[in-house]
Amino acid sequence: MFIKRGANGFHDSWKWIIGAFVIFIGCQLIGAIPFIIAVFYKLVSESGPESLNSITESTLMTTFSKNVTFFLLMISFVIGTIVWWLWIKYIHKLSWNEATTSRKTFDWNRAFFAFAVVGVVSIATTVISYYLDPDVYVWNFNSTNFFTLAIIAIILVPIQTTWEELLFRSYAMQGLGIITGNRAVPFIVTSLVFGLMHIFNPEIAKMGYIVMIWYIGTGFLLGTMALMDEGTELAIGFHAANNLFIALLVTADWTAFQTDSLLIDTSDPTATWQTFIPMFIYYPALILLFAKKYKWNNWKHKLFGAIEVPALKNEYYDTNGTSQF
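282 is the number that numbering that gives the first Met the number 0 gives to position 283 of the sequence shown; each next residue is one higher, with no gaps.
It is worth saying that the hints were derived from the structure and are not from the lab. Everything numeric in this text was worked out from a predicted model, so none of it was measured. The reader is advised that the hints may include incorrect statements.
25 Å max Cα-Cα, derived SDA-like pairs, lysine to any residue [claimed, not checked]:
no. : residue 1 : residue 2
1   : K294      : I280
2   : K65       : A19
3   : K14       : V184
4   : K65       : A149
5   : K65       : A255
6   : K103      : G180
7   : K294      : N241
8   : K301      : A19
9   : K92       : D11
10  : K65       : I153
11  : K301      : N200
12  : K3        : S101
13  : K3        : F303
14  : K301      : F112
15  : K65       : V137
16  : K65       : S266
17  : K41       : T147
18  : K205      : L72
19  : K88       : M0
20  : K301      : W213
21  : K205      : A255
22  : K205      : G194
23  : K103      : M227
24  : K205      : I276
25  : K65       : N139
26  : K292      : N96
27  : K292      : L302
28  : K3        : V188
29  : K92       : F23
30  : K205      : Y281
31  : K3        : G304
32  : K294      : Y281
33  : K14       : E163
The calculated label-pair distances, taken between Cβ atoms and stated as ranges, are [as the list claims (entries may be wrong)]:
no. : residue 1 : residue 2 : range
34  : I35       : L195      : 23 to 29 Å
35  : M60       : T269      : 23 to 29 Å
36  : S142      : I16       : 46 to 52 Å
37  : L302      : M60       : 38 to 44 Å
All C-beta atoms, glycine included, are put in the ideal place defined by N, C-alpha and C.
Using the sequences and the hints given, assemble the complete structure.
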């Protein structure tokens with residue numbers, strides 16, 4: 000029902016394929032323009048035009064304070080979300096509800112429940128880790144910096160994570176399902192691509208490609224939530240809480256988020272099989288919790304079954320009753 004709802008009678012393949020590129024470029028390229036302009040302006044105003052000749056990634060990330068940099072990076076996802084909304088509204092003729100859920104309206108209670116569960120787990124595991132091995136953490140609390148971060152993160156991180164869910168669990172999942180006529184392709188492809196999208200994260204450079212197991216596993220977790228629950232609410236809530244509490248609680252010089260978090264992890268991490276134990280316990284536990292609470296059933300069909308795509312609205316009939324396109 001969730002995937003079929005995205006057809007809305009307008010399921011030409013080209014719209015979905017071009018749309019995926021438009022939404023991605025809208026965030027990653029157009030959305031990055033404010034950040035680039037701000038950095039260039041500051042460098043030129045302080046050091047002259049010649050400073051642009053030696054600009055590096057490190058320069059981009061350290062020109063401003065952590066909070067300002069974080070704010071500017073998050074703005075790209077605001078722009079990306081606007082691009083997604085304009086595309087689905089005017090090209091696909093979809094409403095927010097049609098693009099995000101099978102229910103009559105988006106179920107915010109579901110999103111908030113997933114957010115609360117992940118938030119509690121994130122706080123609990125951070126506290127436990129801190130008390131088990133306090134030597135690897137540095138207390139980094141600065142009231143001005145932290146509360147500024149909190150305002151930025153609470154407002155913008157959910158937009159960042161929601162954009163990712165709108166691209167993968169909404170747009171790509173509905174589009175691939177409608178184009179291929181089954182659930183298996185969108186389930187597998189969106190999960191793999193979601194994981195691979197993180198291949199340039201600093202965590203990969205630090206611990207190696209084996210960490211991709213975590214990102215791809217997260218993609219399959221979110222895909223399972225969307226397909227089994229017939230909507231993106233749980234995935235949106237999970238993803239928002241996961242990233243928000245990472246930004247607020249613990250960061251390190253090898254993590255994607257560089258923020259004025261409460262704690263700084265100073266450890267030198269290595270990826271071993273033990274690294275993935277939480278994923279193989281925590282993720283199944285989440286699935287079991289949601290499955291019980293929301294009475295999921297018919298797993299095989301919802302994850303891998305066929306989709307009967309409704310007839311096109313943009314077809315018309317000639318005087319003999321023959322369908323024309």
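Here is how each hint holds up against the structure:
1. K294 to I280: Between K294 and I280 the Cα gap is close to 21 Å, so the pair holds against 25 Å.
2. K65 to A19: 31 Å, violated
3. K14 to V184: 18 Å, holds
4. K65 to A149: Holds, because 12 Å separates the two Cα atoms, which is no more than 25 Å.
5. K65 to A255: 12 Å, holds
6. K103 to G180: 23 Å, holds
7. K294 to N241: 24 Å, holds
8. K301 to A19: At roughly 23 Å apart (the allowed maximum being 25 Å), A19 and K301 satisfy the hint.
9. K92 to D11: Given pair K92, D11 holds - Cα atoms ~12 Å apart, limit 25 Å.
10. K65 to I153: With a Cα-Cα distance of about 16 Å, the restraint between K65 and I153 holds, given a limit of 25 Å.
11. K301 to N200: 32 Å, violated
12. K3 to S101: This hinted pair holds, its Cα atoms lying about 9 Å apart.
13. K3 to F303: Within the cut-off at roughly 14 Å; holds.
14. K301 to F112: 22 Å, holds
15. K65 to V137: 17 Å, holds
16. K65 to S266: 21 Å, holds
17. K41 to T147: Holds: K41 and T147 sit about 21 Å apart, inside 25 Å.
18. K205 to L72: Holds: K205 and L72 sit about 22 Å apart, inside 25 Å.
19. K88 to M0: Answer holds: K88 to M0 is near 19 Å, not above 25 Å.
20. K301 to W213: 23 Å, holds
21. K205 to A255: 11 Å, holds
22. K205 to G194: 17 Å, holds
23. K103 to M227: 17 Å, holds
24. K205 to I276: 19 Å, holds
25. K65 to N139: 13 Å, holds
26. K292 to N96: 22 Å, holds
27. K292 to L302: 19 Å, holds
28. K3 to V188: 18 Å, holds
29. K92 to F23: 19 Å, holds
30. K205 to Y281: At roughly 24 Å apart (the allowed maximum being 25 Å), Y281 and K205 satisfy the hint.
31. K3 to G304: Holds, because 12 Å separates the two Cα atoms, which is no more than 25 Å.
32. K294 to Y281: Given pair K294, Y281 holds - Cα atoms ~19 Å apart, limit 25 Å.
33. K14 to E163: Holds, at roughly 19 Å.
34. I35 to L195: 23 to 29 Å: 25 Å, holds
35. M60 to T269: 23 to 29 Å: 24 Å, holds
36. S142 to I16: 46 to 52 Å: 49 Å, holds
37. L302 to M60: 38 to 44 Å: Since L302 and M60 have Cβ atoms about 39 Å apart, the given range 38 to 44 Å holds.
Violated hints, in rising order: 2, 11; the structure is consistent with all others.
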